[in-house]
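Novice: Sequence:
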Amino acid sequence: MESYRKNLERVFLRMDQVLPDSCLLVWNMAMPLGERVTGGFLLPELQPLEASLRRDVVEGNFYSATSAGDHYFDVLDLHFLALSPMGSTGAQWSTGGCHAVFPAAPTMCRGWGNPAGSGPDTQTD
1 MESYRKNLER VFLRMDQVLP DSCLLVWNMA MPLGERVTGG FLLPELQPLE
51 ASLRRDVVEG NFYSATSAGD HYFDVLDLHF LALSPMGSTG AQWSTGGCHA
101 VFPAAPTMCR GWGNPAGSGP DTQTD
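The opening residue of the sequence shown carries number 1 in full-length UniProt numbering; numbering runs sequentially from there.
A few of these clues could be false.
Straight line, CA to CA, 20 Å or less: simulated DMTMM-like cross-link-like pairs of lysine to aspartate or glutamate [said to hold, decoys possible]:
#1 K6 / D70
#2 K6 / D21
#3 K6 / E45
#4 K6 / E59
Please keep in mind that the hints were generated in silico from the structure rather than gathered at the bench.
Go ahead and model the full structure; you've got the sequences and the hints to work with.
Specialist: Right, here's the structure in full:
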C-alpha cells in the first residue's frame, strides 16, 4: 500500500502540472469486492492476495479519495454507489448499483453549472 500511496501522489502532482485550470478531473473510486472472490476474476498469480484484497480496495479508495481531494479534484465514489448484495463470485455488482453510476455524470455537470452534452465537441452547425 505504501508504493500505491507514493504513486498516487506522483500521479496527482503530475496532473496538477499538466492539466489546465479549466479541466475537470473526476477521480473514480474502485467498486467493492465480496468477502470471497471466485469465478476466474483473480489471476492465478494474484490468488495469494485474495485474503487482503477486499481490505486493500477499501484502503486504496480511502487514500485515493483523500489525495484527490487534497489536489482539488472531484471524487466519484463508485464503491458507495455500487454497494449492494454481491453475486456468487464476489465481484459482480448489482444491476441497480452499476446503473446508479451512469446518471451521476450528468448530475455532476449540472452541479457545476455545465449541462451535460454542452461542450465544444457536441456543438452542431
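Novice: Now look at each hint and say whether the structure bears it out.
Specialist: Hint-by-hint comparison with the structure:
no., hint, verdict
1, K6 / D70, "14 Å, holds"
2, K6 / D21, "24 Å, violated"
3, K6 / E45, "24 Å, violated"
4, K6 / E59, "14 Å, holds"
Hint violations for this structure: numbers 2, 3, all remaining hints satisfied.
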